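**Student:** Here's the letter readout for the chains.
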Amino acid sequence: MADELRLSTTPEEVFRAPRNQADQPRDVRTHRSADTLATLLSVGWMVSLVCAFWQAATTPKAGNYDVSLPAAFPPTLWWLVLLATVCACGLLLLISQSPTRNIAWLSGFTGVVATNSFILSLPLFRGYAVADRTDAMNHIGYMKDIAITRHLGTQDFYPAQHLLQYALQYVAHTTPGEALIIINITFDFVWVAGITMLAARLAGTPQAKGIGTAFAAPFALLIYQSYTLPSVVSAMLLPVLLAFYLSSRHPEGPGRLSWTVASIALATLLVFYHPVTAIYAVVAFVAWEFGGLVSVREDGAIRLSRESSSTPSNRLGLSIIITVVLLAWAFSFSVITSNTATLLKWLQGEQDRASAIGEASSLVSVSKLPLSQLLSILWNGFGLTAVIPVLTVAMWAYCLRNRARFAFARERLFWRAGVTYFAVLALSGSMFFVSTSERNPIRLLRVDAILGISFLAWWLYYIAVRPELPRSRRAGDVIGLPLRQGWRLAAVALALVAALWFGQRNVYPGPANGQPNQYVSHGELAGMKWLLTHRVRPFRQASILPDYTSRYASYYYGYFGRRALGPGWWRTDLWLPSHFYGDKLRCAASLSRGVRTYLALSEAGRMAPLRLPADVRRYAHIYDVSDWRRLGRDNTVDKVYDNGGFQVWTTSGVGECP
Amino acid sequence: VKPSDAEGSLRRMTAFGSSKSRAVDVQAVGSPRSEVGWLILMMACYGVLIVFTLGEVAGLTPSGPARVLYAALGVPGIFLGPGAAWVGALWGREAAPEFYERLLVACVLSFALVLGAGLCLSYLFLGVTPISLAGSLCVVEGVGFVISTFRLRPYLAPVRVRLADGDGPHSTYLHPTMLVVSACVVFAAVGAAVYAAEFNHTGERFTAFAVSYKTAAPRAIPFTVNGPTLPLELSLQNRLGRSATYEVQGVVKGETEFWLRSGFVADGASWHRPVTISVPRSSRPVRLEIRLFLEGRQGSYRDLHLWLQRSAR
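Going down the list, the sequences are from chains A and B.
Numbering-wise (our numbering), the first sequence opens with residue 328 and increments by one.
Numbering-wise (our numbering), the second sequence opens with residue 670 and increments by one.
Honestly, the hints are just simulated from the structure, not real lab data.
Be aware that a few hints might be false.
Said to hold, decoys possible - Covered stretches of chain B (in silico footprint by chain A; criterion: 3 or more residues with CB under 8 Å from a CB of chain A, positions within the stretch not fixed):
1) 910-919
2) 939-951
3) 959-973
Unchecked claim - Cβ-to-Cβ under 10 Å is the rule here; a few derived chain A residues that face chain B:
4) Leu-495
5) Gly-531
6) Pro-697
7) Leu-698
8) Phe-749
9) Ala-750
10) Ala-753
Claimed, not checked - Partial selection, computed: residues in chain B whose CB lies under 8 Å from chain A:
11) Tyr-739
12) Cys-807
13) Ile-816
14) Phe-819
15) Arg-822
16) Ala-857
17) Thr-884
18) Pro-887
19) Val-894
20) Gly-896
21) Phe-927
All figures in this text were calculated on a predicted structure; none of them were measured in a lab.
Ideal placement from N, C-alpha and C gives every residue a C-beta, glycine not left out.
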């Protein structure tokens, strides 16, 4: 009777079960305990999140420059969001065994999406005008081009995000900063739902949804998950595309044509979202088909054989579509062709010193940090993203080694995933040595991390979650797991909690990861607007931060409209030396001889070095109180604008120091 | 439990949904309930987009808490609605994907439709404007909506919906609890967003203070002044979140050159005043201090300065 009940998954059989508590067998009571626990966990994440909302709403907004956004909120808020995600993920792992608890899964899924969305919306609660002053300002500029000219910018080779921004800003009346955060939050849903769907499709059962959602909960891309960059958010579409593709290829799956249409629409979108991600997609789909050539016999022997079910045209159809659209669209832009030329030169053996690996090694050698601090900063800055590919490869190798034990490791799907992953890993590995616009390790590893999470969820579902061990080994614990499997699940849960902890603490820049808080304050926006409208040509622009004013010019005039500002629009700002004055710079007028120079100074530039450990702060561009006093006494420079957070100074242009 | 087709799901609902509706656990995927729910979602999103389009035509610019609500509705209106209509149109009566999968497909299809509409408007038609973009999305969504309604027609018959009541051996009382607490979460989220955006009056409060050269054509302030006087313009912008009164003092060589009082400057308003400075003869540059005082605050609030030298000619 107990076994029958355990196997009963249909409601008819459930209703036939005895109703009296005392008469109920052990498994039914176990279900009751699991239900109670699931309810508690559901209420747990909801209450934690409501409290976190309350705390965020009542925390004062940023008055001066925040060195770190996490530090600006009370620590209890971070404990509350951690508790909310732990409850939601606990619920997901708890119910991932049961085939019949959709509502509980929905609760866990909602918990993960809601909590992550809340964390990603914190810049709005803190009152930031825009959460990122680097690339995001250029994307606002591209969007501004559309608003000013009514057409896409002539250099806009990835217009998808800019059109989404435009729709939100001009149809739904958001601010530019809000539009970016709303897009980021929407893509957080795509990230979680995409990984969940792919894990379920790969595992071949909806029960894998739970672990898929739980694995999508940590911010695996760390600070890049808080920036709304097309390169990163487009990568979040890759698991979705793969899941759609699998749905369209399923021989017995309903709505194959609909899935195919959705796949083609998404593949096209991907090209217009970011061409590099589209290249990753082509490589992944070609590798996926090559992986299908490997099969494993029942005795574990590996051999090459073709699958008879598919014809060449439908095998590579999606790759061909992406390639054709990519060639037709992206290669009409000069920036793409120049990057491709760099790649070709590298393939011919030309060394590239501006590559990511070159830049990273120079940074490490310059930093002169104690090893423990360096490792801590590296771990907080890149650790989680870098660990995922390592874990994925290790897990694939483990499953391969134990293929006699794990049935899924003998399927073609396992090999497809493995070959795809290695191909993507090889592509991103090669990008480390080439100088393109993509240099940050997280940006380079984004696809590896996203696909790795989906694959890990699939494999660990079979290894740690799925109840397939013999009944004799059951331990009769509260959730009815076999003892050995319970340990495995506990290990997965612990790793998940650690990933949640590191992810949430490093999703925003700060002293822990050594990154500057790049937010744009309202004072900066107002000050920059004054500067841009009051500069008189000819002039030279010097700034307290690198590449500073040009991004605000994009913000106000559009990326293309910036060119209309006059000759020399492409010139980058002169980054002011540390302490304003160097050995050869006795007065501000000698910054740029014979030309009037505007100095853009801000709290952001003054406070940003505080993120660095005290030992190495001297290597950064720092400006202390005595430096500001010295600047005030310098009779070759006037102070003409001040709003408390942003100042404009202008030199005489004579170039002679008294 | 996923019914293979619509009839199957209908039978399932009839079989289990009579007296003890344990629909919580079977949560019929592709069932009439979920199809009707999807239609309601589509209608709501379409309604939002129509309101947005009409708002653009009427030149509506929401402000205050209404703007926050408007922006919040923008997400389903633009990022869900167009795709949701086409999910119904594409899948129709076939066993549709699970609810979260439908939301996901609706999301990415919406992105693709916004992109498609933008590309077409930019390269083929009159250009991208708020009205043209919202209007074209309305048309695309409308077509999808008509096809969906046609394809989902069999589900439009009234369906009696019953919530789980919580007793029974394998029941769960998660459902009603979740409904209540989820509603609290949604209210808390919207309330917190509105409060933070409109009623939390902390944050950056500042006054921008600037000095520029008062000339017909834009010119930078000269370092060497040709005449005995220099025309300047002082300007300030109040972003303190309240009305304020300012005073401005100009000091040259320790002597007050001018003292101005602004009168009340409303929040967000600007104040401009031309002044003429007498530049004394001197062998070295003379420092002109311009100090801004804020009513009720000790000491100067902002300081600007210029170094001036009168030309020998």
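**Student:** Now, for every hint given, state plainly whether the structure supports it.
**Tutor:** Hint check results:
Counting residues of the stretch 910-919 of chain B whose CB falls under 8 Å from any CB of chain A gives 0; the rule of at least 3 is not met. Judged by the Cβ-Cβ criterion of 8 Å, the stretch 939-951 of chain B is not covered by chain A as claimed, because only 0 of its residues qualify and three are needed. As drawn, the stretch 959-973 of chain B meets chain A at 3 residues by the rule of a beta-carbon pair under 8 Å; at three or more, the given contact holds. Nearest Cβ of chain B to the Cβ of Leu-495 of chain A: about 5 Å, under the 10 Å cut. The hint holds.
Checking Gly-531 of chain A against chain B: minimum C-beta separation of about 13 Å lies over 10 Å; hint violated. Annotation: interface hint on Pro-697 of chain A violated; nearest CB of chain B at approximately 37 Å, more than 10 Å. Interface hint at Leu-698 of chain A: violated, since its Cβ lies 40 Å from the closest Cβ of chain B, which is beyond the 10 Å cut-off. Residue-level restraint check for Phe-749 of chain A is violated (minimum Cβ-Cβ distance to chain B is 27 Å; threshold 10 Å).
Using the Cβ-Cβ criterion of 10 Å, the hint placing Ala-750 of chain A at the interface with chain B is not satisfied: the shortest such distance is roughly 24 Å. Given the 10 Å rule on beta carbons, the hint for Ala-753 of chain A is violated: about 27 Å separates it from the nearest Cβ of chain B. The closest approach between the C-beta of Tyr-739 of chain B and any C-beta of chain A is roughly 5 Å, which is under the 8 Å cut-off, so the hint is satisfied. Interface restraint check: Cys-807 of chain B against chain A, minimum CB-CB distance 11 Å, threshold 8 Å, status violated.
The beta carbon of Ile-816 of chain B is not positioned within 8 Å of any beta carbon in chain A (closest approach about 12 Å), and the interface hint is therefore violated. For Phe-819 of chain B, the interface hint is violated, since its Cβ never comes within 8 Å of a Cβ in chain A; the closest pair sits about 16 Å apart. Interface hint status for Arg-822 of chain B: violated, as the beta-carbon distance to the closest one in chain A is roughly 18 Å, over 8 Å. For Ala-857 of chain B, the shortest C-beta to C-beta distance to chain A is roughly 4 Å, which falls under 8 Å, so the interface hint holds.
The criterion of a C-beta within 8 Å of any C-beta in chain A is not met by Thr-884 of chain B, whose closest approach is roughly 10 Å, and the hint is violated. With a cut of 8 Å, the hint placing Pro-887 of chain B at the interface with chain A holds, because the nearest CB-to-CB distance is about 6 Å. Interface restraint check: Val-894 of chain B against chain A, minimum CB-CB distance 12 Å, threshold 8 Å, status violated. The interface hint given for Gly-896 of chain B is broken, as the beta carbon of that residue sits about 18 Å from the closest beta carbon of chain A, more than 8 Å.
With a least beta-carbon distance of about 17 Å to chain A, the hint placing Phe-927 of chain B at the interface is violated under the 8 Å criterion.
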